[in-house]
Every structure is written in C-alpha cells, then in structure tokens.
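Student: Given next are the chains, with one letter for each unit.
Protein chains: 2
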Amino acid sequence: MITAQDKSSRARAGELRLGHGVVQTPDFMPVGTNATVKSLDPEELKALGAQIILANTYHLYLRPGHERVQRFGGLHEFMQWDRPILTDSGGFQVVSLGPLMRINEEGAKFSSHLDGSMHLFTPERSIEVQQALGPDIAVAFDQPVMPEGSTDREVRRAMDRTHRWAVRSLRAHSRPGQALFGIAQGGINPELRAESATYIRSLPFDGINLGGLAGDETPEQRNTAIDATVTALEGDLRVRYLMGLGSPVDLLEAVLRGVDLFDSVLPARVARNGQAWVTGGRLNLRNARHLDEQEPVDAQCDCSTCRRFSRAYLAHLFRAEELLAYRLLTIHNLRHMSAFMGEVRRAIASGTLAAELPRLRAAAGGPGTPRLGAGDEPGAVPERGAMQPRYAAAGRLRGAQQKRAVASEDKE
Amino acid sequence: MITAQDKSSRARAGELRLGHGVVQTPDFMPVGTNATVKSLDPEELKALGAQIILANTYHLYLRPGHERVQRFGGLHEFMQWDRPILTDSGGFQVVSLGPLMRINEEGAKFSSHLDGSMHLFTPERSIEVQQALGPDIAVAFDQPVMPEGSTDREVRRAMDRTHRWAVRSLRAHSRPGQALFGIAQGGINPELRAESATYIRSLPFDGINLGGLAGDETPEQRNTAIDATVTALEGDLRVRYLMGLGSPVDLLEAVLRGVDLFDSVLPARVARNGQAWVTGGRLNLRNARHLDEQEPVDAQCDCSTCRRFSRAYLAHLFRAEELLAYRLLTIHNLRHMSAFMGEVRRAIASGTLAAELPRLRAAAGGPGTPRLGAGDEPGAVPERGAMQPRYAAAGRLRGAQQKRAVASEDKE
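Here the protein sequences line up with chains A and B, keeping their order.
For the record, in the first sequence the residue sitting at position 151 is 151 according to this note's numbering, with numbers rising by one throughout.
For the record, in the second sequence the residue sitting at position 293 is 293 according to this note's numbering, with numbers rising by one throughout.
Watch out, some of these pointers could steer you wrong.
Derived list of chain B stretches under chain A, where covered just means 3 residues or more per stretch with a C-beta under 8 Å from a C-beta of chain A [claimed, not checked]: (1) 19-31; (2) 72-86; (3) 315-329; (4) 342-353.
What the hints contain is simulated information worked out from the structure, not anything from laboratory work.
The C-beta atom is built at its ideal place from N, Cα and C for all residues, glycine as well.
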C-alpha cells in the first residue's frame, strides 16, 4: 500500500502489511543466509531498526534442510526472529553453480556445493521449500542471467522461461498468509525489461522483483533497466524490490526511480573487512590512524556501537582479529543503512525529498564528497570491487569464476 | 575479606572490595586477552554474571600498547567495562616464548610474536605497564616453570627469583586504589610450595596467586601443591587465586582446598569448538543428533542462549560455521561457570557445602556421571587434551612446542 508519492521523482513511501508486522518502505533488508545475519542476534537486529530480513532458500534447503526447519515451526521460530522474513527462490544460487547445474524447461538440476549430492529445483519445488520454511514473503523461481555478459537472445530465452516459471510458481503456491512476489527480468535491454515487467504485472503476485541487476552492469545500464521496468509498472501499487543492491548511494538513486525494497550482503560483508559506512563516505578501521581516535565511528549515528565504543577500540579489535570487531561494525553499517532509509522515507512522506536531495546524496557519499582522509574513500563510486558478480549466465562463465561466485555466496 | 568458612573443608566465601565493585568469592574470571572476552560485549558479560574479568598485560602491551590505553583513560574506558578487571603480569606469556626470550636477574628480554621487535620486561616494567592499563588488580612479575618437566633445582631457582621480583614489584607499585597480588611458586614440590607461600605471605600483597599450576601436572600433583600452599597460608584472610584453572570439576576441588579465584580461556575456547558444558557433563554441538533437538543446550540454565535457542539451531550454526554460534555458546559456557560458582558460594555461606557436595560434584561432571549420549563425554576427566601446556620451562622445551604454546595464547 502506497502512502506517499514524491512529486519531483518516482520515489514513493508505502507500507507492506505482513503476518509478522508492517514494513515501512522504502527499506533495506539485511541478509541472513543461514538463518542468521552474520554475528548478530535478533535483539541487535531489532535495535538497529531491521523491519524485515532475507534468508536464502538454496542454503537452508541444503542445510539444515527445509523439512527440519518446518518441524521446528518454521524460520521465525527456528532463529527466534518475530518480525517479517522474505526468502529468495534459490534461482540465483542455483544458476550461479554453472557447470554443477543443468537447466531445462522443467527446472534446474544441480550438485550441492556442500557435498556434491544431486538436487532438482523446479518452480514447484522452490515454492514447496519456501512454504516449509514459512517466511512472510516467498519469491517465484526464476532464471537470472548476467546482464552484461549475455546476448539479447540469451536474455530473452531466460526471460520467457522465467515468465512460464512465474505461472507455475503461482499455481504451486498455497500457503495462507504467505505473500508471493514475482520476478521481472530482461537484462539491461529496455525493451525486454518493459516486456517482462508488463507480463509479470499481469499476474496476481503480491509484489514485483527486479531481477538480474546489481551484477556486472554499469550504474547507467542499471538505471536504464530500472526506468524501463518502472515505466511499465506505472500505476501499479505493489511493492517493487530490486534484489542485491546494497550501498546507500545506489539505493537512493533506485528509490528516486520508483523502487521500494532492497537486500544485499554488502554492508555486513564490508564491515567484516573493517570498512565503516559513515555520513558522507566511509572509513577503513584497519587504517593505523584510527588507533588513536577517541570519537565513535560516526558521531551522527545512534547505534549501540557508536554510543559505546571509540574508533580506537574497534581499530584495535580489527588488528587483533577479534570476533567482536566484526559484530560491532556489522551493527553500525546495518544501522547506517536502516537510518538512511528512514531519512529517505521521512523526506518522501513529508514532501521534502527534492529539497533534501542534495543533503541526502552527500550523506550517501554522493559525487563531490570530500575524501575523508588517507586511505579512506568517499562512497561516491559504487563499490563494485567489493562484490562478486551476483548473477552468472548458466554455462557461459569459466569454472573458476562460477566457483568464486558460489563460494562467495556460501560465505554469506 | 572472608565472610564464611566451611567446616567440612578449607572452602571459604568472601568479598573482594575493589574500585569498580565487590567480587563475591569463590569465583571464576572470564579471560579478555585483547581487552575483549572473545565475541561478547560488556552487556552480555554482565548478564551472564561476570563479576570481574582478566586481561593480558603482555598482549595489550604489544597491541594496542599500554600508553595508548592509558591515553584513552585505561582499560575500563577503552573496552567499556565498568566492573573490576585484573591484569596478569605477563610473566607466563614472556617465559612461554622460549627461544624468543632470554631471562636473567634483571628481567626477561623477548622478541614480540607479532613483529619480532625486541622488548624487556622487568618487574618494574610489568608494574609500569599494569599501572598504565589501570586494572583494579595488578599482579607481580614472576618466573613460572613447567611443573612436571622441571628439576627441583630449576624450580627453586625460578622460585627464588620470583621472590626477589615480588619485592621489586611491590617497590615499583604506586598506583592508588589498585590492588597488587603476589605469586607463590614452587612447582609440584610440596616443600618448595610451602616455602614460597610462606615467603609471599610475609609481603604486603593484597592477594596471593598460586602460580605454575594448571599446566602439565596431574590432578593429584596439583592437589598436593595446593594443599602445601594453603597450609602455609593458614589463617591468612587474603584472596587466593589459582591462575589458569578452568573446568567446573577442577574448580570445585580447588575451592574445597581453600582457593578463591580462578581464570581460564577453557570455557570460551571449547565453546568456539562446539562443546557445551551442561549440568553433569558436556555436549558436542557438532554432533549430528543435536540437529533434531528442540530443547535448549541445558534446560537448567538461565542464560540468554538457553532461554531463546534450541540445540538444533546452535548445531546448525556450528555446521554452517556461523559467527553467532561461537558467541551463543560462549555465553552459555561462561554462564554455566558463573552459575556453578554461585551455587558453590551459596552452599559455603549457608553451611551446607558438605551436604550438597555429592550434588555439586555430579553437576560439575564428577566421577560416576553417566555418559550423556553417543559422542558426548561426561566432564569427569579434566579436559587436558583441550589445553595447551600453560607453562613452558624457559629454554628447555623444543621450539615447536613453545611456538604452539605461544600461538595458542595469542589466539586467546
């Protein structure tokens, strides 16, 4: 449900009413791949403002197994998280397996990256697994492709299949109270994006995902794809979720283009590497100068890390490779994202987004942000180097690259 | 200050009044080597009942540096822990360096295990570092030896030197409000233990440590050494602290022999390996059967882990090598230790220790405890395999063994 529409852009604010609570949008979902947002417990997630988290169907299907989770009363009970959960469909992870995977009209047959055992994921199977896991939102099974490295023909083929699988996913879905989102694909080709969005829009999904982005495309290619998709969704009040996007500057631009929901491992992953996201840029806490700084990571942040600890203490913990370092900085980066999205929501709701945009862009680490100091970088340039390609074209990438993508996901 | 003396044993209850609070004894101190108890934050430590923690002088001297900690207002401020802290003297870590260390009457010259830089620790330097770190309790610099692998002559020589260093530590100590504990050595030779205890007792320390134990000695050798020490301390009301002992069954036996205070990395280290200490024994959460158990780790435990999460969830987290696993089980094991010591204190104070001893021994995992299940072991046998030798005789051990001991400490 849309509660406010910005007049200067396509940005909108809304409410997503789910079994375990209401999610105010736009918002960012922390990723809890293995039914845990790495190093954090549910209380910390609530305290930092997480309204909803994402869990990975592929990982939980393989370990500990969806039936086991179901026996324990579902994901919420299993991980003791009583706010909303979204599960992805497993499509991305399966397709990323590359040579370990064979795809046809029925579905994707793959060999587990954990023990080599063989599995078949079909739209029906993905929905069955997600119904057993019991999130508030399930997602239709799709066939993503790497946007930049794929031909239009390959993108169209995967898109058409994704459309057929969308119908099968809808038919297979029967869990009362569980929302089902469909995925619009189409690579970076605006015509295909529009065609896919138009088709997925015609189906009775509860929300519409923008798939196949946040991968190897440029920001310009991504923006073009978003614009084509959102134009085709004009007037549609369902939530729009761009999978895999994770930096404040990227999220702000996507919100302005009409996207409502995001997820990414990025804020947590870079935190474990010592990178703090602060108002207007970022800091690398492995940098020696932070060892002598008594101020918090971000004086403007209200997270439990910034309210208690100095940069010096965190810098020390990172040098000593202490587990607490990863936890404290993950709390901060996720709070930073949550607070930033809260700012954006407030600006949309109060009709001041246009006026606040320069400030919000600067806070996100937008162009023109001064460098924060030696070794630190403003957040202006989206952090591509820190991410593994999120989508791999089936059977087209070299083995090493595919393995890396899978290993990277598995770590999350 | 002693508040209760058990009539059936040498066990006693007391209060240790310190600048940052009162410590009820007997008690166990969690170890925060690098100014952090691995994976836990101060609130969790308080919630699990930690009255006092230990931090390592050697590690903090090298990284981040005691002067840096001092500039930040001392350890309490640096790590945001407002209850008491004890620092060790660095003697053990320095002597464990073996070939990287040369010891003479002045002190111990050693090469940092971090970067190879050369350093000299003397009694005066150790006290200076501890005064800068600012714990509630500092400890005199000593020369420990490996009890089992040393000749009486070597033990006597190190003991005599420890006595001279005790006097130098006392003379060097000037920080108001900071207690200073002395270390009685003497290996496993009862005469030397008695001689050392008698000498250290004669000095104006605020507490008396039993050094050179919790290493490679047998429980019988340790008990003999404790008995000889405590006999020589008869009537002395100062707190007695046995450094390095860490399992419930070991602690109970030492308390019965008149020891008041303990520290060890053991409960936290085995937790990170998946081993849970429960009433009457222990569980290995890496064991497959726990994946299907809905009950908490220990139904009798009131820790935040047992109040929220199932064994199944923890077993899953351990298999997925999730950081949250280490944290949740560390909370449990430390709470288990804290609650157990609380039980022992209560029994001493109420004069029911003798009557409760069979139950307490069974709870600690005493002899006769039934096996808990396939792959799990009762805690009856002190966990020697899980520990690296805690003391290494200077220049007598092979390099690999010494390196292992140091590496092991560094990990903590």
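Student: Taking beta carbons only, do three or more residues of the region 342-353 of chain B come closer than 8 Å to chain A?
Tutor: Since three or more residues must qualify, the claim that chain A covers the region 342-353 of chain B is violated, with 0 doing so at under 8 Å.
Student: Mind taking a look at whether chain A covers the region 19-31 of chain B? Criterion is 3 or more residues with CB to CB distance under 8 Å.
Tutor: violated (count 0)
Student: Does the region 315-329 of chain B contain three or more residues whose Cβ lies closer than 8 Å to a Cβ of chain A?
Tutor: holds (count 11)
Student: If you count the residues of the region 72-86 of chain B with a beta-carbon closer than 8 Å to a beta-carbon of chain A, do you get 3 or more?
Tutor: With 4 residues close enough to chain A, the hint holds.
The structure shown violates the earlier hints numbered 1, 4.
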